[in-house]
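> If you read the sequences in order, they're chains A and B. For the first sequence, position 212 matches number 212 in our numbering, and the numbering has no gaps at all. For the second sequence, position 112 matches number 112 in our numbering, and the numbering has no gaps at all.
Hints are supplied without guarantee of correctness; some may be wrong.
Here are the computed distance ranges between Cβ atoms for each label pair [unchecked claim]: (1) A:188 <-> B:66: 42 to 52 Å; (2) A:57 <-> B:189: 39 to 49 Å; (3) A:188 <-> B:171: 51 to 61 Å; (4) B:171 <-> A:72: 50 to 60 Å; (5) B:183 <-> A:55: 54 to 64 Å; (6) A:207 <-> B:257: 30 to 40 Å; (7) B:72 <-> A:57: 11 to 21 Å; (8) B:257 <-> A:158: 39 to 49 Å; (9) A:57 <-> B:257: 40 to 50 Å.
Worth flagging that the hints you see were computed from the coordinates, not collected in a lab. We put the CB at the ideal spot given by N, CA and C, even for glycine.
The primary structure of each chain is shown beneath.
2 protein chains.
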Amino acid sequence: MVFYLVGLGLGDVTDITVKGLNIIRRCKKVYFENYTSLLSFGFDQTQLEKFYERPIIEADREFVEQKLKVLEESLNDDIALLIVGDPFGATTHSDLLIRARQIGVSVKVIHNASILTAVGCTGLQLYNFGSTVSIPFWTDNWEPDSFFEKILINLNNGMHTLCLLDIKIKEQSLENILRKRNEYEKPCFLTCSQAAKQIIKIIERNKRNLDVNADIFVVGIARIGWDDQKIVYATLQQLAFEVDMGLPLHSLIIPSFELHPLEKEMLNSFSFK
Amino acid sequence: MVFYLVGLGLGDVTDITVKGLNIIRRCKKVYFENYTSLLSFGFDQTQLEKFYERPIIEADREFVEQKLKVLEESLNDDIALLIVGDPFGATTHSDLLIRARQIGVSVKVIHNASILTAVGCTGLQLYNFGSTVSIPFWTDNWEPDSFFEKILINLNNGMHTLCLLDIKIKEQSLENILRKRNEYEKPCFLTCSQAAKQIIKIIERNKRNLDVNADIFVVGIARIGWDDQKIVYATLQQLAFEVDMGLPLHSLIIPSFELHPLEKEMLNSFSFK
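Excised from the complex, chain A in its bound form (with noise of 0.2 Å):
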């Protein structure tokens, strides 16, 4: 039997491919790592199971340790795990993949659309992006920046930058945690404007690199293959403190320097001013 990574793409139920859909229909067991996420990117669970015909059992932060309890029931009936977006966009899932071949399990992945290749609709050419960053929520006494590193990298060898914005779900609180209460805190997404916010106080203290300031053009993507996706290019400036992306998922991109005349027309499209 067969274990299937099926991605479910980034906007509603239908984002599904009909491949994958089959092969949903026909698993003997349908899971999903980290439910709650599934219901934060826009999904609904009635909705998906009635459209699947079956129904989802939520695969939890304690999936980790499920994972070869999970594998082994594929040596039996075919089992299908569900991940938003294409199932290697966030996460290589090696581990997963290589225990399934050390006992035997042959593991399918269902490819989908991915925020990586989505982002196109921005009008910036995906060959020319750099590595992806992270930015991480900060705290009043923990700031990481190591992924401006990066970025200056990629401006530097005239890439764009997808910075993919930090998101909490299921934490709990220390006072949850020393009490053993399974009480978690709600769901957070970092914004573009606090993204940006953070990216200028980054720039504000290691002055080293003058031609990246708060008034570099950045590109704000909210929503990206929902119907009501908003696309806004302006400044690190104006994103921080003037513009509304409105709700959830964000994302950030810091365009290169460099710009094809195509790319910049098509940014210039979206200009927030």
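With the hints as your guide, set chain B onto chain A.
For chain B alone, kept in the frame of chain A given last:
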């Protein structure tokens, strides 16, 4: 009415999304840019038209000139343009999007899987890919090598490089052009072996970087997303002279010298020998 750019994904006819299929079925006309490539990618016309319940109109090389006409059709009817992979994988379609905006046509994009993210199945972390390069066919008197500089930049910055290999579709021989005969050469696809040989030649010419030689390990990939996809981790030398990747399409990955242990472990599972 709407002009739809619909991604078909990577494998077969069922890799279209449910959303994309529903849209195609209700569109007045369905175009495919450069139809021959569709067939070369493993799609079959009869099968597609049966599945879509729609005739497919070949929008040819000359489509560039037809675009305006097709866009104008979407002022009155829903029109779909099919694209292998994700609509933005290989091109930004910026000219089309800008023109649509000028004449008041609304455009919607149906995203899908692209080779740019599907390469995650090698175990290489997508976040660490630098800019993508295209490796062209060499001829007796034309051996372009500018792509190699980009590979070096990525390597120097710890990034992987995806190399897309040249495709020649609907090319005319000089003789046929001169005689104005509408006869085309057979489609040609650059193989991993040919690409590896070309890179070895470039390395032998400019011996600036001694770390980059014919013994570096690279990843040959073929028919990604298909049932018979093939991934081989081998040296450039082996890929050039020993490995048979089989039928097209091939691509080549030059991994960073700085691999994560899990990346390394996954690649080793694809070792040639």
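> All hints, please: hold or fail.
Hints and how they fare:
no., hint, result
1, A:188 <-> B:66: 42 to 52 Å, "holds (48 Å)"
2, A:57 <-> B:189: 39 to 49 Å, "holds (42 Å)"
3, A:188 <-> B:171: 51 to 61 Å, "holds (54 Å)"
4, B:171 <-> A:72: 50 to 60 Å, "holds (52 Å)"
5, B:183 <-> A:55: 54 to 64 Å, "holds (58 Å)"
6, A:207 <-> B:257: 30 to 40 Å, "holds (32 Å)"
7, B:72 <-> A:57: 11 to 21 Å, "violated (50 Å)"
8, B:257 <-> A:158: 39 to 49 Å, "violated (22 Å)"
9, A:57 <-> B:257: 40 to 50 Å, "holds (41 Å)"
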